[in-house]
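Same order as they appear, the protein sequences are chains U and X. Using the numbering used here, read the first sequence as starting at 1 and increasing by one per residue. Using the numbering used here, read the second sequence as starting at 1 and increasing by one per residue.
None of these hints come from the bench; they were simulated from the model. Please note: incorrect hints may appear among the correct ones.
Each pair may be met inside one copy or between any two copies, as identical chains are not told apart.
Once the Cα atoms are required to be at most 27 Å apart in a straight line, the calculated BS3-like pairs of lysine-lysine come out as [stated by the list, open to error]:
1. LYS200 - LYS339
2. LYS84 - LYS322
3. LYS20 - LYS354
4. LYS350 - LYS119
5. LYS354 - LYS255
6. LYS358 - LYS59
7. LYS371 - LYS322
8. LYS335 - LYS193
There are 2 protein chains.
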Amino acid sequence: MSNELPLGYHYSTVYAGIRKVQKDDLSLIFSEPAANAAAVFTKNLVAAAPVVLSKASLKSSKGKVRALVINAGNANCATRTGMKVAETTAKAVAKLAKCAANEVLPSSTGVIGVELDVKKITSSLPALFARMSPDRFGDVARAIMTTDLVQKTAQANLQLSKGKIRIAGMTKGSGMIQPNMATTLGYVMTDAKIGANDLKAILARATELSYNRLTVDGDTSTNDTVVLLANGASGVKPTGEELKLVAEAITGVMKNLAAQIARDGEGAKKLVRVLVSGAKSEADANLIGRAIANSPLVKTAVAGSDPNWGRILCAAGYSGAKFDPAKVDIYLQGKRVCKAGLAAPFDEGKLKAKLDDKDVTIDLRIAGNGKGEAEFWTCDFTEGYIEINGSYRT
Amino acid sequence: MSNELPLGYHYSTVYAGIRKVQKDDLSLIFSEPAANAAAVFTKNLVAAAPVVLSKASLKSSKGKVRALVINAGNANCATRTGMKVAETTAKAVAKLAKCAANEVLPSSTGVIGVELDVKKITSSLPALFARMSPDRFGDVARAIMTTDLVQKTAQANLQLSKGKIRIAGMTKGSGMIQPNMATTLGYVMTDAKIGANDLKAILARATELSYNRLTVDGDTSTNDTVVLLANGASGVKPTGEELKLVAEAITGVMKNLAAQIARDGEGAKKLVRVLVSGAKSEADANLIGRAIANSPLVKTAVAGSDPNWGRILCAAGYSGAKFDPAKVDIYLQGKRVCKAGLAAPFDEGKLKAKLDDKDVTIDLRIAGNGKGEAEFWTCDFTEGYIEINGSYRT
């Protein structure tokens, strides 16, 4: 895998003692040369210090980034020293990376409201830099995990007219996940040459179609951050037409990452894909898809392999989208269970068996000429979610 | 208790074979004389047939009601024969009650999308009428239950200048509960003389402060109905000033019923009261209260007696209300855990013990001059919720 990774990126991790379990908790992604960057952040009013600092740095550096530094185990949010910790971290990294402090973006994930001892970070930085390697991409993907059970990475390569470009992304997130992001961190690197404005537009649309179509429990966190870096190390600058292909490939990587988060939802046993079509607009399709994907009743029914389509229709009904319930067909695992808003005959036993699959598709189609479509990802809702979240902090 | 019940109401239940378990599933509330009535219904686009019919009947009868007929075990929603079943039921009840069909309001609760055999209802009506008694209030409260574990009733009596008036309410609901109602049925009877327009206004505000401040899982059902009846059997017509007292008493009964629903939330072990004060407006306080009360992360933390105030602040942050997080104090069980948006010192062990109580209060206060207040009720989120809903239909 490593020989297909984007050129010019170096990765490292160490255990800085931030989380109790001895598992690497401090990560670095370093770009040589400097990368153009775009980022999207949580819309929560309560934003963690690293989010506030990263936003300001991206603005003042005009989207130039040399290093990302990420800690797991503490969200550095709602604490007295939050901003000081984020700033000290960025400055210390900048010193070792020989760049400006605003070219370093910090991220944090973990518990909220507990002071983060910055010395744990600063004293670990020399080791972090010493262990940098282009091969340690997977180590970072593991070190940013919190309640995640599996690391989440995706890659794509494109042969363009002037040569090959590479895209690689990693993400973390498992609970507290809802459209407009979540305790989600995502980092997507490419070695294509892409200007900062183009990057921004690509990331905005790709996020809309990936992370913003993802929900685990309807909660939106204080620390969500997705960063897209393009360092041009391939020497390949996509033409105007090729840029669309690159945008598609980046979107594909991000959709792949988002679906992986849903599959690894806290306590989840199944990945649930919710498809909506025939709505009056994309906005309406989003409302319907989100309501279904967020409904604890739908998600517990999926957990129990129960073809309870009434709950799906009901969630669509309260979504806020306008549609005629008598025009709705619903398919579960490809089998029509509701036709024109009413029960369609199906073999209960067979469908229940199909719903035992690890991949469940809920497909709601509204008859007519509506062009609004949406695809959402979520997971089933099991006892495991409760176990994980009942005592996360303690 | 029965001698304190509102005068002029008769109650009955039978087992009509609609639900599998042999437990009374068909109920009647009959008023002699005819009552003035107001009702609020689900806002779900997918409304069950009895909701559609009841709305139309209330309109054409100008709020005159003689009988309520309620079945549990089948929602009579999203079925081919839904409207026919509701109409046939109302007509058959009207014949026995010797009133017009539009003076009978049907309600249903149970599974969606399964045809309801109306013969089970019509063939049971003679027995239902034969067993009517002013004393069987509690029997109806039990027969309308679905996943409810306990029956839910509340009463209030008022001594007014011209005599005593009585109020009694019953409700069902346990899951699929969210502001703007839920698979909630509620019936509140009084023997005061109150005009239809006054009743409507009283019910609207009382619902806003009770059922609409209740959330179990964020789902809103297709069948929600709350009916308020005033039959004047006491002979007492409240004066203009006294009408406010009556409205308050009705609101009190409905708040009591709403809190009972939260306490009996599916799988719940604890009743959670969420208080918000200091918001810019009541609307903002509602947004904040609802976000906290709806957050699975907050509710699982309560289940685990985990004083995880960061999740509470976080939910407020994504609620959509505008406020300064640095002005927020949060109290759990009366103990301040967050001061000015930051961690406040508290004894973790002691507070955890306090959070083991069956009644948990989350109190979020925003410093300043904001007059917006709200009180919400919800429950903790436990493994039991998943168990109940994973196989409800089958």
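Here's how the hints hold up against the structure:
Within a single copy, LYS200 and LYS339 get their C-alpha atoms no closer than 42 Å, and across copies no closer than 37 Å, so neither meets the 27 Å cut-off. Only between protomers do LYS84 and LYS322 lie at most 27 Å apart by alpha-carbon distance; the minimum there is 25 Å, versus 48 Å within a single protomer. In this assembly of identical chains, the alpha carbons of LYS20 and LYS354 lie at most 27 Å apart only when taken from different copies (26 Å versus 41 Å within one copy). Neither within a single protomer nor between protomers do LYS350 and LYS119 lie at most 27 Å apart by alpha-carbon distance, with minima of 59 Å and 31 Å respectively.
Proximity of LYS354 to LYS255 under the C-alpha cut-off of 27 Å is restricted to the intra-copy arrangement: shortest distance 25 Å within a copy versus 44 Å between copies. In the homo-oligomer, the alpha carbons of LYS358 and LYS59 never lie at most 27 Å apart, since the shortest distance is 43 Å inside one protomer and 49 Å across protomers. For a Cα distance limit of 27 Å, the shortest separation of LYS371 from LYS322 inside one copy, 14 Å, qualifies, whereas the shortest one across copies, 34 Å, does not. With identical chains, the CA atoms of LYS335 and LYS193 are never at most 27 Å apart, being 46 Å at best within one copy and 55 Å at best between copies.
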